[in-house]
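Asker: The chain contents come next:
There are 2 protein chains.
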Amino acid sequence: MTMGVSLTRKELFDVPEGVIYLDGNSLGVLPKGAAERAQKTITEEWGAQLIRAWNSAGWMALPQVVGDQIAGLIGAPAGSVATGDTLSIKVYQALAAALTMRPERKVILSDNGNFPSDLYMAEGLIKTLDQGYALRTPAPEEVMDAITEEVAVVMLTQVDYRSGRMHDMAAITKRAHEVGAVMIWDLAHSAGAVPVDIAASGAEFAVGCSYKYLNGGPGAPAFIYVRPDIVDSIAPALSGWLGHDAPFAMELNYRPANATERMRVGTPPILQLAVLQEALKAWEGVDMADLRAASVRLSELFISEVEARCPELTLASPREAALRGSQVSFAFEHGYPAMQALIDHGVIGDFRAPNIMRFGFTPLYLDEADIIAAAEVLEDVMSNQLWKNEKYQTRSRVT
Amino acid sequence: MTMGVSLTRKELFDVPEGVIYLDGNSLGVLPKGAAERAQKTITEEWGAQLIRAWNSAGWMALPQVVGDQIAGLIGAPAGSVATGDTLSIKVYQALAAALTMRPERKVILSDNGNFPSDLYMAEGLIKTLDQGYALRTPAPEEVMDAITEEVAVVMLTQVDYRSGRMHDMAAITKRAHEVGAVMIWDLAHSAGAVPVDIAASGAEFAVGCSYKYLNGGPGAPAFIYVRPDIVDSIAPALSGWLGHDAPFAMELNYRPANATERMRVGTPPILQLAVLQEALKAWEGVDMADLRAASVRLSELFISEVEARCPELTLASPREAALRGSQVSFAFEHGYPAMQALIDHGVIGDFRAPNIMRFGFTPLYLDEADIIAAAEVLEDVMSNQLWKNEKYQTRSRVT
Numbered sequence: 075m076t077m078g079v080s081l082t083r084k085e086l087f088d089v090p091e092g093v094i095y096l097d098g099n100s101l102g103v104l105p106k107g108a109a110e111r112a113q114k115t116i117t118e119e120w121g122a123q124l125i126r127a128w129n130s131a132g133w134m135a136l137p138q139v140v141g142d143q144i145a146g147l148i149g150a151p152a153g154s155v156a157t158g159d160t161l162s163i164k165v166y167q168a169l170a171a172a173l174t175m176r177p178e179r180k181v182i183l184s185d186n187g188n189f190p191s192d193l194y195m196a197e198g199l200i201k202t203l204d205q206g207y208a209l210r211t212p213a214p215e216e217v218m219d220a221i222t223e224e225v226a227v228v229m230l231t232q233v234d235y236r237s238g239r240m241h242d243m244a245a246i247t248k249r250a251h252e253v254g255a256v257m258i259w260d261l262a263h264s265a266g267a268v269p270v271d272i273a274a275s276g277a278e279f280a281v282g283c284s285y286k287y288l289n290g291g292p293g294a295p296a297f298i299y300v301r302p303d304i305v306d307s308i309a310p311a312l313s314g315w316l317g318h319d320a321p322f323a324m325e326l327n328y329r330p331a332n333a334t335e336r337m338r339v340g341t342p343p344i345l346q347l348a349v350l351q352e353a354l355k356a357w358e359g360v361d362m363a364d365l366r367a368a369s370v371r372l373s374e375l376f377i378s379e380v381e382a383r384c385p386e387l388t389l390a391s392p393r394e395a396a397l398r399g400s401q402v403s404f405a406f407e408h409g410y411p412a413m414q415a416l417i418d419h420g421v422i423g424d425f426r427a428p429n430i431m432r433f434g435f436t437p438l439y440l441d442e443a444d445i446i447a448a449a450e451v452l453e454d455v456m457s458n459q460l461w462k463n464e465k466y467q468t469r470s471r472v473t
Numbered sequence: 075m076t077m078g079v080s081l082t083r084k085e086l087f088d089v090p091e092g093v094i095y096l097d098g099n100s101l102g103v104l105p106k107g108a109a110e111r112a113q114k115t116i117t118e119e120w121g122a123q124l125i126r127a128w129n130s131a132g133w134m135a136l137p138q139v140v141g142d143q144i145a146g147l148i149g150a151p152a153g154s155v156a157t158g159d160t161l162s163i164k165v166y167q168a169l170a171a172a173l174t175m176r177p178e179r180k181v182i183l184s185d186n187g188n189f190p191s192d193l194y195m196a197e198g199l200i201k202t203l204d205q206g207y208a209l210r211t212p213a214p215e216e217v218m219d220a221i222t223e224e225v226a227v228v229m230l231t232q233v234d235y236r237s238g239r240m241h242d243m244a245a246i247t248k249r250a251h252e253v254g255a256v257m258i259w260d261l262a263h264s265a266g267a268v269p270v271d272i273a274a275s276g277a278e279f280a281v282g283c284s285y286k287y288l289n290g291g292p293g294a295p296a297f298i299y300v301r302p303d304i305v306d307s308i309a310p311a312l313s314g315w316l317g318h319d320a321p322f323a324m325e326l327n328y329r330p331a332n333a334t335e336r337m338r339v340g341t342p343p344i345l346q347l348a349v350l351q352e353a354l355k356a357w358e359g360v361d362m363a364d365l366r367a368a369s370v371r372l373s374e375l376f377i378s379e380v381e382a383r384c385p386e387l388t389l390a391s392p393r394e395a396a397l398r399g400s401q402v403s404f405a406f407e408h409g410y411p412a413m414q415a416l417i418d419h420g421v422i423g424d425f426r427a428p429n430i431m432r433f434g435f436t437p438l439y440l441d442e443a444d445i446i447a448a449a450e451v452l453e454d455v456m457s458n459q460l461w462k463n464e465k466y467q468t469r470s471r472v473t
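So the protein lines, in turn, are chains A and B.
Under this note's numbering, think of the first position of the first sequence as 75, with each following residue one higher.
Under this note's numbering, think of the first position of the second sequence as 75, with each following residue one higher.
No lab work stands behind these hints, which were simulated from the structure alone.
Ideal Cβ positions, reconstructed from N, Cα and C, are used throughout, including at glycine.
Each hint should be verified, as a subset may be incorrect.
[Stated by the list, open to error] Calculated cross-link-like contacts (lysine to any residue; reagent style SDA-like; alpha-carbon spacing at most 20 Å):
| id | chain 1 | residue 1 | chain 2 | residue 2 |
| --- | --- | --- | --- | --- |
| 1 | B | 355 | B | 180 |
| 2 | B | 180 | B | 222 |
| 3 | A | 201 | B | 420 |
| 4 | A | 201 | B | 326 |
| 5 | B | 84 | B | 326 |
| 6 | B | 114 | A | 89 |
| 7 | A | 201 | B | 111 |
| 8 | B | 201 | A | 309 |
| 9 | B | 201 | A | 330 |
| 10 | B | 114 | A | 118 |
| 11 | B | 114 | A | 201 |
| 12 | A | 180 | A | 151 |
| 13 | A | 114 | B | 90 |
| 14 | A | 106 | B | 111 |
| 15 | A | 114 | B | 113 |
| 16 | B | 201 | B | 175 |
| 17 | A | 114 | B | 89 |
[Stated by the list, open to error] Some chain A residues close to chain B (C-beta under 7 Å, calculated; not the full set):
| id | residue |
| --- | --- |
| 18 | 149 |
| 19 | 152 |
| 20 | 343 |
[To be verified] Only some residues are given here: those of chain B computed to face chain A with a beta carbon under 7 Å:
| id | residue |
| --- | --- |
| 21 | 112 |
| 22 | 113 |
| 23 | 146 |
| 24 | 302 |
| 25 | 304 |
| 26 | 311 |
| 27 | 323 |
| 28 | 331 |
| 29 | 362 |
The following block holds chain A by itself, in its conformation from the complex (with noise of 0.2 Å):
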């Protein structure tokens, strides 16, 4: 790819008119073809083919099938990743799976930018099991250290949903496995977001969402990776009949499935499944090397227009490119109103309690002269103080 020249794939997405999109990160857009394709599983799947789509319309197969596609993405095999549930399930399986790996450790070692669900998750996990298990979140930047041979198993989010700010997934990966750790990476901000390589980082398990950079629609299903040469000693802590090797059998007892099928669990949702399929078409052929250069070049245009234009905001994300998932954050005591307003005036971003300013970068859909018309709203919203208008001061339940 020549510097410069655009990755962008516009056409493929609905983005409204006169709207700067930079909550890719959160919900991604909606790709063209989502809604043709939930007409066509509604009316000629579920409609016509009724029970018979399961098999005629290849339904059974679907999170399989999607769960390759994103394998693609993650740098993992085919088979590999299954798809379905939402993310905090899946990080209850990994995370009960990786347990039993390590029966005779009781320490959790995640960090306190992680996002809370997955400290939740672990949370009630811990207190389910009530067997002394201890969840341990020390300040990202002490992770490393904390990696001690009490450690069962380590559990982090690879790109902070707050800061932007990346772990080092392969020496991190490495350390873990110095000390006889098992490792999770759940990739919710970086699957379609920053080159991952999970097969070669060795770690045992990852998980992700498909509703940010990778524009499955909103409640898309989440997915989980487990690496194969260990996915056939696995039992699922969540054991469904769709995990089991014969779901139509109707055995008594549960025998898994066969590798990562395993983590299957309750009967798809094919809807939002096949919304997910059609949108990762968007990503044929999109070389992840290419959007990273296209994510920093954008982050970093970015960062330098707001820095120029808005001396009220603070950099909160790792100056340096390397350092940064595919997201900008900016702190701001007033954060909160000053991001209702500056959606207001047609540039979306989100906003983080307590005071972060949130900008996703998704090459797909976005062009430097976004970049630019959106650092100059900010601009207008920040140095005329449009924020202090009452209108953006009252706070919803989501932000």
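We have chain A; now place chain B onto it with these hints.
Answerer: Chain B alone, transformed into the frame defined by chain A:
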């Protein structure tokens, strides 16, 4: 309702031309509004409002809004039913919570007619807990006597997926409570099929799915009911961020949300929930006693027609209507190819191993003429041994 007057609301559903669908107990038919609702959710909400739709389109509240719609169909008060995930996940949540309520007891009682996934999830939880729990699965008719003071939790599916046999919810719950056990009802084949008064039963938990009689579509979300007086003491095993009291405060520790909201886990499947919400409109104004009367009438008619026409088939459901849900099963040694032949001739039922031909009765879109027509086709399949055709012998993964 006058005896014999049909309850059908066929005009609300798209049943394919030339098909008589007796498999609404597996996957309900397509409600006419579903496709349009999916379009609206995809283009007007996701596409146009993007991340803002979590507030502006009411997505965040949708699981509870839909939960309240389902509550109305199972005799549960508003606010007591949460939706999301799959039925298997909801079984796990209910069971894990129930076990913590009777920490000194180690027996989970179910029956060997329960849907295998419920048993598998119990097996997975028992293994994960590793605290000496045992799962007992006597025959359904021996359950009542097996409810002893050793039992921590009684977990049963009210209507047997294979035979349609129905447990006496009031009597079993009463017995469970007499010995101090917690009661969990799986309403997969009850919700929208038979009148349920879960509040009157006094059961602590109920779970169910919405893609059968509720017509929510393939992989539609599950639901969980928790008795209001105990819900605030439940510490959810699957403690995801959307079950947190303040999901967007991004606290490091889990604090359960109010009431049944705490049974939410991860990001809800908005597309599937929207379609389900639309599907539930068909239930507005339906009196469940009328529905039950129509269901019994259709079932009785089918039994008498089939017994008169097909001596090869043996009734595998209770003959007494009061002991049956809204399905009728017949045993036949060659049930698999016979069902394939029947489907090929326009009457869709399904097969359950080892030898059960299963027929579901859904008065919202079936009338007496359909039942007689179906029996005629079945007679043709049986008396002319159409099932012997080579093409009906190949077993698929999904039946």
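Asker: Tell me, which hint numbers fail for this structure?
Answerer: 1, 3, 5, 7, 11, 12, 18, 19, 23, 24, 25, 28, 29
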